[in-house]
Every structure is written in C-alpha cells, then in structure tokens.
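Colleague: If you want the building blocks of each chain, they are given just below.
Protein chains: 4
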Amino acid sequence: MDITAFFLQTRTHTKNLCKPLEIEDYVVQPIVDVSPPKWHLGHTTWFFEEFILKKHLIDYTVFDPNFSYIFNSYYESIGKRVVRADRGNLSRPSVNKVYEYREFVTLHMEALLNNNPSKEIVQLTEIGIHHEKQHQELLLTDIKYILGNNPLLPIYDASFKEHSTEDHKQEWLSLPEGIYEIGHLGEEFCYDNELGRHKVYLSPYSISNKLVTNQEYLEFINDGGYERFDLWHSEGWEWIKTNKIESPLHWHQINGEWHHYTLGGLNKLEREHPVTHISYFEAFAFAQWKGCRLPTEFEWEIAAPKFKWGARWEWTESAYLPYPQYKKADGALGEYNGKFMVNQKVLRGSSVATPNYHARITYRNFFQTNLRWQYTGIRLAQ
Amino acid sequence: MDITAFFLQTRTHTKNLCKPLEIEDYVVQPIVDVSPPKWHLGHTTWFFEEFILKKHLIDYTVFDPNFSYIFNSYYESIGKRVVRADRGNLSRPSVNKVYEYREFVTLHMEALLNNNPSKEIVQLTEIGIHHEKQHQELLLTDIKYILGNNPLLPIYDASFKEHSTEDHKQEWLSLPEGIYEIGHLGEEFCYDNELGRHKVYLSPYSISNKLVTNQEYLEFINDGGYERFDLWHSEGWEWIKTNKIESPLHWHQINGEWHHYTLGGLNKLEREHPVTHISYFEAFAFAQWKGCRLPTEFEWEIAAPKFKWGARWEWTESAYLPYPQYKKADGALGEYNGKFMVNQKVLRGSSVATPNYHARITYRNFFQTNLRWQYTGIRLAQ
Amino acid sequence: MDITAFFLQTRTHTKNLCKPLEIEDYVVQPIVDVSPPKWHLGHTTWFFEEFILKKHLIDYTVFDPNFSYIFNSYYESIGKRVVRADRGNLSRPSVNKVYEYREFVTLHMEALLNNNPSKEIVQLTEIGIHHEKQHQELLLTDIKYILGNNPLLPIYDASFKEHSTEDHKQEWLSLPEGIYEIGHLGEEFCYDNELGRHKVYLSPYSISNKLVTNQEYLEFINDGGYERFDLWHSEGWEWIKTNKIESPLHWHQINGEWHHYTLGGLNKLEREHPVTHISYFEAFAFAQWKGCRLPTEFEWEIAAPKFKWGARWEWTESAYLPYPQYKKADGALGEYNGKFMVNQKVLRGSSVATPNYHARITYRNFFQTNLRWQYTGIRLAQ
Amino acid sequence: MDITAFFLQTRTHTKNLCKPLEIEDYVVQPIVDVSPPKWHLGHTTWFFEEFILKKHLIDYTVFDPNFSYIFNSYYESIGKRVVRADRGNLSRPSVNKVYEYREFVTLHMEALLNNNPSKEIVQLTEIGIHHEKQHQELLLTDIKYILGNNPLLPIYDASFKEHSTEDHKQEWLSLPEGIYEIGHLGEEFCYDNELGRHKVYLSPYSISNKLVTNQEYLEFINDGGYERFDLWHSEGWEWIKTNKIESPLHWHQINGEWHHYTLGGLNKLEREHPVTHISYFEAFAFAQWKGCRLPTEFEWEIAAPKFKWGARWEWTESAYLPYPQYKKADGALGEYNGKFMVNQKVLRGSSVATPNYHARITYRNFFQTNLRWQYTGIRLAQ
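Residue numbers (the UniProt record's numbering), protein chains in the order written: chain A, 1 to 382; chain B, 1 to 382; chain C, 1 to 382; chain D, 1 to 382.
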C-alpha cells in the first residue's frame, strides 16, 4: 500500500476505535499498566511530531510545547515526562483539544508525505504507523479494563466478537530435531528485535494445533489448580496469594455460574472459546497441571505455519532476550525495544485486538509475567 | 428562608460552581483526599435520595440501584461502597447521567417539600442542604487541586478572588481569665458536634486581630523555617522531609520569583494576602518561629466577635474531641461527625470557598494535621 | 534519697531487669516500636555521657565516639543517629561491650556526683535517672514483645506477676462540677509537661473505682464488639480490619480456650485481672459498647486520690497537648516532650512495669492511638 | 571420599566459618535476602533431620518439634514456616541450643551412615551435604553483609583474602559456530537443573580470558555510567534511581578516596582485583558501556576450560530456564530448583566464598537481577 494511504488509514482506524466512548472514558487510569485512551491518542500523535515533523518538516511549529512533556511515554532521551502512574490525573488537555492535535499533525504529515519524501522519512513513518498499531491494540485492551473495572460493566460495542472458536479436534504436531533459522527475512517492515536471522538447534518436540479452551481451564480451577503450590513458580504462588487471584481476569461468578466480561458485554462463559486474560504464571501452572509445558518462542516460530493462530497472544517459555546480532538503534528510537529485554516473557502470535497488517510470524511481543489485561492465551507443547 | 427555596437555591449553586469545568475535569482524582466533581454531584444527591426520598416519599423508586454503591461515601451502615481511592477510576455513570440523577432527585424533593412536609422531613432536608454546602466548599478546593496539579495550570474563573486583604494594622486583643460558655445556642441549624453548650475555664490570653500574611510566611521560609527541626513536631518534621515540603501548596518558584496558583490563574505571590494552603504542622512551626502559639478553639470562639474573619479556615491547637454532653445521632446519620473525633485538629472560621449561610461562630471544622488542600490559614495567640 | 545512691540504685535495677535474658534476646527488634534491650542499656548510658559527663566532667573522654551515633534516639540537635527501624540490625557493639560502656559511665558519674556537684549537675542527673526509669518500663514491655512474638513463647521470669486483681466491688464515684487545679505542685521531680499548674472547669461526672476486667472485655468480644463499626472511630475501624485485630495483644486462643502470654509464661486467661495490651481505639470502642466513655486526663487527676491505681496505664479521652504555660526547655533536652504533642493520647496512672519512684498523680504518659505493647488498661467514666 | 567423612568434614567446616562471630552476629537480619547465621546452622541441620532421619532412622525422635516450623525455608509441602523476613526477629532458640541441635543430628546421621546405609540414604546425604555447602557460601556473604552494614565495620577475619588478582593480560578467546553439548555428564553429584545433556547451536563468539577489574569499573563510574540511561535496562534504571545506587555494594568513598569493605576489614580499593558485589543490571550496563555484552551460559560452559575461573560468580545474559528434558523431582525435594525458574539470571563459575568440592563447569547458580550481596563479577563477550 502507498505510505500516505497506509498512514491515513491507520490514523482513521484509531479514531474509529474510540467512537463508542463517552468523553469520560478517555480520561481514567484504573491501574498503572492501563493508559487513558486520551493519552494513547496524544502519544501516537506526539511520536510523529517528535521524530518526524520537528526534524523533517521545514518551519514546522509544534502544536503545543507542553505536549511533549505530557505525551512522551518513556523516552528518557527526550526529556521530562509525566510519570506513568499520573496519566489518569490529567483532565487537560481536553479530549477535543487532543483531537485537534491529531488533526494538526495528520495534516502536516500528509503534506510531508505527499511532497516526495526521503527514504528516511518513509521509514520513520512506517515505524510511526506500526507504533500506532501497537497502541491500537493497547487502546482496546485498556478500554476493556476501564469498562470492565466499572461496577456498571458498560458495553463497548455489542457486536464485538472476542471469540474465534477453534472447532477442529486437538492434535499434537510433531517436529524433528535439527538446526532451524529464526528471525525476520525479507524487506517488509519489522521491529529491530526480530532482526538478525540466525540458527537455533531444537530437540524433537510436539506442539498442540489448538489453544486451551475455557472449558479446560475451568477443569484446572475445579481441580484446585489455584491451591496446589507444586504447580506454580515460587513467585507466581506469592502473586496469586497476595492478590487473591482465583480465576482469569474479567471472569465473574454470579449465582454460582461463571460469566466473562467482553467488549460485547457480560456473557455466560463460553466453554469452547480459547481462554484469555491469564498471566504467564497461570499459563505455566496450567501446563504443569496438564503434564505439558509451554513452547519456546523458537519452537513456536517453526511450527506456526502448521496451525491457525491469531485469536490470542500465546505465552511462551522464552525469556525476552536479544537475538545474537541484536543492535539497538541510535538515539531515542533505540529505546524502543532493547531496554525491556529483562524479566519479561515473549508472547507470539496475535489476538482479536491486533489491527490489520500488524501480525507476523516473527513478531515478538513481551510482557511481565504477572500481567493479564491483554488477550493472552495458552498453547501447549511437550 | 423558605425550606423549598433554600433547597433549590443550594442545588442550583452547586451546578453553577461546575459551570467553568470541562467534562474531563469532573472525572479525575489526583490524590485520595480529593474527590472527582462528578462524585460530589452524585453524592450530595444520593444523600437526599437515601435519607429522605426512600423513606418519606410514597412509591419513590430509586433512579438507579447501583448509585447507592457508587455515591455512598463512608456510611458503613448503608452497605458496600466504592473505596475512596477508586472514585477517580470510574468513567461511568457519565456526567450527563449524573446531572439527570440530580434533576430527578431535585424534582422529587421539591414535590415532597411542597406537600406539607413533616417536621422530620424539614429537619432532614436542612441537614441535606448543609451537607451539600459542605461539599460545595470541597468541590471548589478539589477543583483547585485538580487544575493546580495539571502541568497546564488551567484557569477556573479569571474573576475568582481568593484574597481578602486585611488592611488594618495587626494588634493583639487581650481577654481576661474566667469561665466562658462554649457551643451552639438558639434554634438555628447546627451540627451535632457544636451542641451541648458548656462552661470552660480560660486563662488570660491575647489573640491577633489579623491573619498571618504571605509576606510573613515568606520571612519564615527565608529564615530557614523548613530546616530547623526545633520548630516542628517530630511527626511534622518527618512529614516535611519525606514529602520534600518547602513551601505552601500551590506555590511555584519561577525564575527565582514566588508565584501562587489561584482559581483565577497563576499570579505573582501577593504579599499582603493571608497565607493559605498550609498544614497544621506548618501553622504550628510558624507560630513557634514567631514565639507565639495557635489559639485553642475555645479562645477563638470567645474572641471571634472582636475581629473579622472569613478568609481562611484557621488552624487551632485544639484536638477534635467531643463536647462533654456529646451524643451521636442514631443510625447512619450518627456517622456524620463522631467517628472522626480522633487524631484531627479543629479549624474555626470559614474561607473564601465557604458558601453563604454556612459560617457560624460555633462551627467546628476538622482535618488531619498534614492536609493542605483547603483554604487554611494562621491566626496567632499568646 | 541521696542523689548518688538514687543513681546507683537505678543503674543496678536496669541490669537486674536483664538478668533473665539470653545474649540473643538483647539484639532483636521485631517491630519498630520495640527497641532491642541492648539499645536501652546503651541509650540510657549515652544520655548521662552526652548531657552530663561531656560538659561537666573535666578531661572526660567518651568511651567510644561511634556510640553517640548508635545510641542517640531522636535528639536531632545532637547529630546523626541510626534510624529507629534499624536498631535491630546491629549486632555490634556486643552486649559485653555495652555493659563495659555502662560500667565506665557509671563510675565516672559516681565520681562526679561524689565531688560536690553543682545544682545543675544534680538536676540533670535527676532527669537522667527518671529517663532511665522510663526506659526500665519500656525494657520490660519490649522484652515481653520480643519473647511473646517468638513461637517458642519463652518464660522471662516464672515468678513475675502481671496481675493485681482488684477484688473490691465496682462503684461509680461522683464528682461535682467546678474549677479545679491541674498540674504539678511542689519541689519534687517532674517532667516539663506536668508543669504550669492551672485551672480547668469540669462538668459533673462519675468515674469507676475499678479497672475493666478480662471477663468484661471478653463479653465485648463475644458480643461482636470487633464487628460493629458503630462502636469505632473511622480510623480505628480501618486499623482493626487492616491488621485483623480481634483480641488484645498477647491473647491466644488454643483449642477454643483463651490464654494470655505474660512475663511469667503462657497461662489461661484470668478473668478477674484487669484487661491489658489494648489500644486507645479498643478502649474507646469498649466504652461505647458499655454506654460509657473514657475520662479526660483532668477528670482522672482530680478523682485519682479516691481510687487505687497502678496496675495499668489508663487511656484517657484527652489528646496530648501542652498545658497553658508550657515552655520547651532550651537545647536538646527541649526535645524531650514537646515535639510529641500531636496525634497522641494521654495515659494516666502507672503499671505493673513502672519502677519505684516513678509514678505521680500528675504524670502524663502518651502514646499513639494504635499502640498496644504497653500495659494499657481501661477505666470508665460517665 | 567416603560419605561419612565427607559429611563430617562438611559439618565441621560450617562451624569453623562461624568461629570469628560474636553470639550477637548470629541473630540479625538487616535485609530480607540475608539470613541470620543461626538460621543457616539450624536450617542445614533440619534438612538432614527432615529428609533423612525422620524417614530412615528407626525410632528417631526429633530434637524439638518446633524446629521444623522455625528452620524450614520454603518447602511448602512440609507445612507452616516462619516468614523469611521474620528470621531476624527470633532470639530463641539460642545459639547454644542450635549447636546442640547440630550435634544431635550429626551424631544420629553418623550412626546411620556407619550402619551400612542404603543407596537412597547415601544419595539423600549427598544432596544434604551439597545443600549445606551452598549455605556455607551464603553464610559467608550474609556475615559480610551483617558486618559491612554495621557502622563499626567490624573485621571478620583479618587474614581472609577476597582477591585473586588475575595478573595475566586480557585477551579475547574466539570460538567457532557449531552445535555443542551442554549439561552434566558422568556419575558425579550434580543438581537436577544441570541434567539432561543436550545440544545447542552457538554462533561464533569471543569471550574474555579475564574478569573486569575494579579499575575498569571505576572508569565506568567516572565516565558517568550511573547517569547514562541509554546504558541501562528500563527496570535497572528505575532500580538505581530509586535506591540511589552509584557504586558497587560495600564500596565507601572516604575523604574522596574509594575503599571497599572486605571480610578482612576496610581497605583502600585495590584496582587490579576483579570487581564484585554488582547486580546483573550493573554488569549489563558496564558491558554496554564497553561496547560488549555478557556471555550466555552456554557460551560460558563451552569456553570455560580455556580460562581460569573461581574468583567471582559471573553474571550471564541467560535467563534461568529449565533445560529441554528437565523434570522436577517428586515431593518436597522437587521444590529445590524448578520453582525459581522465572525472572532470574544464571551465574556461572564460583567465588572466593565457594567451599571445596562445590564448583563444577556445569553448575547453574541463579539470582534476581538486582541482588548484589554475593561475590558477583563480570566477564565480557562479543
């Protein structure tokens, strides 16, 4: 697709995702991991302004000099920023003002892109687009948390489908031992953490062709899975006990019956849907209980062409580490990926919240082991 | 004034206070002591619904059964409530919905009051009105905190005057020792904590006819007041060091010059205005530095007819304790005052944020010793 | 008594209190309020060295220059000090070394006192003696906490009696309204916070001639006292719920039967003994449940000659505040009392742990409202 | 060596390590990661009692039934245990009592081992011996922390050498790409986490033949290493800023000159010694600053025969994960390793505190990324 069209389409899609919201929904931040939707709108815009317009559009004047402070996320190289936990304390700039900011930046970007842009500008724009797509997914999961945390459990969009039942039979796919190639290949866009295609040796393994379902996870719960410390990491056990975790996030037991809150509203738990909103700790404990394990990210990448994927981000056993030839980009963009490569786990695949053109077989998503507000799921290996 | 008129006037005034707000400003809660304006609107309304309409208006159906849970503040006897620290996490009900709720309750109350109400209904309404007036003051100070905490420092109302310069000369008023009568007298409305008029013995004392000014407080700062532990309570010293407190709340040093944020915007510090937004700890340390002390609430009540007051809530040295004949009201309304009578200090007077008909010479306001977001000030005694 | 004898007797008594201890017991600090016995031994010694020997004994060389840092408690004017919470992290100086330090300072003090000491030296010594007596009581209650917190529940001294059953009948003593004189009178030693004898007006009141017993307190528990929020201050309610408080400190329910740990070991709860180890919050809630209240410290001081006291420190309803003519002493000794006069409650009387010559009818003890490790008790008023 | 001799020698060595201690040093726990020496003595003894004597010695009666509760570390399957952070709050059992306990268990073990023990007993004893050896190293580093945290900085043993200067020239060893075998081989003792010898593919790499020195680390500090966020993981940056970390643990700047506290006392920093007491975060940042990286544990294991090692535990870039065929042991011993396999980094090698017969080229040590109280060091790779 043409870069300008790709850019505009992405910008429009972000706005569309916010259409069902009340103004008030744009503002709140019930937990530190969730950002207010208003902040996502501003931050993705600031990214284009900071890294492209300020440097590459002659005579560009920033929309508001305070916005750099407010909408910077973690780029220490760019200067002071609002502490992440305080994003929900800011009522201003107003939502309307942030939309004005978006319009302003979109128009200037469009002008820049239409004026025979350099290769560097195109590449930076591509990063900006994919950055915004990442935030589109976060926007949806953050909205889900904001609404799902509200005692009124408001509906986001009654037609939103979180499920994608896999109605095929569960089977084990077997792969032989050997040296395999891992990492991004080709000219298409990818993040720096996927680069450096390299060899890994894999022992023989089997991997399931199907995600774990709510039904299976319920059996784990009913079998006392949350009460058996032998299934858990020490740190996971402490986490479930401290936080009184006894089921996936967004599950509610009402009059003895399990329900789950979805972006389509509160429903009875659908047994055949793939389980979601579980932490790595829970995914691991479930696998232990089944006498299985989670796949490594390498096993996943090699086997993925053989099964369907895309409903849930799939926890892997792999720690998030640099590939052998990994090199951080220079400057602020170098902060994008590398500085998170410790104490997190890799997730592979994509989810029902992932936007178009944002899923790749080599894509490396990553989160801390206790986080659950993304559409995370479980695929077993042996 | 007629009770219906008094009621309607109060309800309208609350709405007027919110007129300058953006929708977003109604939602946030930057610190636990501050409540979102939306919550004040709902809570004062819920008070009328819960304590009057549900019991005294035949066939009344509550506007929304969830609102009791959301807008209850601390009345443990009424059932579950949203934890205070979580008020800012609720985007719903929307501001519009809360205004609908207000309209609904106001109309039903009006109908009740116009239909020959019993004495009990009138008395409860009076409590509800004064309860709402208390929240009108909190609404203003909470709005000030919400806007003043925002890096953009938005203006609430450019014409809002926080000052009331006392341009008379500072003098000491002397009062003789003796037995004095303390507490509410007469038929007018007051809270239960003012009742039980009783005798106290006072030693001879002097009290200033003027509040401490920004200029005087600045001298305290410049003399190293925040660095001299001998001026502070042990707990106050720990508080200023832990929280890096070095000036009143809402003061900003910009290019070496002191400014203060007011509801009228950010201004240069006006030296002759009475200092405000200081904690009891700071008021005490300032008095120590001056070689004076704070008055007791009894000294204040006896002397108050002799000086002007009303610009700032004045910290007293008195702990908030029950009067000798104090008796808690029965039921949930008994939770109004008595359960806070420990580890707080009494403030007397009223402030620029206090609404009409809400100041009394016997009024006992009270806050924890570290709180500063109210319009608090200092009057010295000897 | 002669000052030298009084001094030596006090020093010896401190050592005697420690005789039943193992070396290990001198070192630990299970909660921040409790200090290791070793620290008490060092701190009371440091007081004599710092405030008397260094200034008044010619050519005196401090025992160890590091000890000022280690054994200073809170005297900010004297320089850096080990943070209170870290006292239990110091294995050195060893217990033997601290006893050497005691010997060294005792001998030098003795020499000073035997050599025709000035009036100032005698007065400072008197303060030092009473300071050590205060720590003798803390030593016992800290030892009780250290041993009582140990799963082995070791016995301190099998012959130690914590009880002093009051076997007289409970009666109400009535006192008439009037102006009374409060505060220390005469030449005997007292603390600065008792000085400034002054008038107070008391309304008529009744006060019990007997402390509340374990039996009565058990009835409060069994009647759901810890589950009825209407009996509690808001802050007290939060405190019992957060800390899961359901009985006095050192009570243990074993096979359905209540026991209490005493310095004499673990025993069945003795019903007729006065209840102890309760916080102000609990004392207040109990009084509410009984339809009574706690006395003020003034009511207590006036009535005390008419009843027996000395078994338990008695919580009063009075906040710890300065008397009308209170003036802090100059220098570091001025930190002794004044800086704690906020957010604490006064206790009157004395306890089974109070040493000889340390109880006075005007004595003002004080603690935060949630503390329970002292021998605190309840006397009711009406 | 004969199992009985090996056992007795190990037991004796533990006692020898404690010889320089005062009784008080056995008791304290200045941070949660450090255990009181008394606890190590008891815990290593309890291990033999719990897992061997209770099951395999007929008619064995436990020394004290309370000790299981007190000296259990984390074996959830064995029942209740003292919370780790509370170990330093226990003055009893006394040190003498714990030594009695050791004697008692040693004698019974000796009897068991001398009486033709089964293979299972020998294997369990071997685990117990190695378990005690692990604790011997912790004992030394915990003692160092206890003494080094004390303002008196007491000497443990003036003749203790922490250094082992590597006086050879720094060179890069190059290894070719290929498939290598990783993991334990042979019949000698090893832990379960080293088992499952398996193939890994390594890209070509170079590894230093020498540990990073204090001199080099000082250059990193002097070049502003602790102020350049681009060198740090996001989590590491937050950690150094929150904890004000600006140099390795046990370094002291005195009158402008760097010293380090060692078990031999406080000395001037010796420039040529290998740096130690740095966290993974610091090791990583240092490597970034040098333009290098840390080796993976696999690279280390393959190259280790080519260089000297044993002075410092060497941080690797590898997360602590199970080997492909890893299987937890049944029962409580299964808790030994597996449950820690998340959010920790592998360290390879051994240190000056590692006891004899406890270092192996396949040994996998592991700690959280912020811990520094072990003798950790840095070896670079490229």
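Calculated directly from the structure, the hints in this document are not laboratory data.
Hints are supplied without guarantee of correctness; some may be wrong.
To be verified - Below 20 Å or equal to it, Euclidean Cα-Cα: the simulated PhoX-like pairs (lysine-lysine) are:
1) B:19 <-> A:97
2) A:15 <-> A:133
3) C:327 <-> B:290
4) D:339 <-> A:290
5) A:19 <-> B:97
Colleague: Now tell me if each hint is right for this structure.
Modeller: Results for each hint:
A distance of roughly 19 Å separates the Cα atoms of residue 19 of chain B and residue 97 of chain A; the hinted pair therefore holds under the 20 Å criterion. Restraint check for residue 15 of chain A and residue 133 of chain A: the C-alpha separation of about 12 Å stays at or below 20 Å, so the hint holds. A hinted pair counts as satisfied when its Cα atoms are at most 20 Å apart, and residue 327 of chain C with residue 290 of chain B qualifies at roughly 14 Å. Only pairs whose Cα atoms come within 20 Å are accepted, and residue 339 of chain D paired with residue 290 of chain A is accepted, the gap being roughly 17 Å.
Of the pairs offered as hints, the one joining residue 19 of chain A and residue 97 of chain B holds, with about 19 Å between alpha carbons and a cut-off of 20 Å not exceeded.
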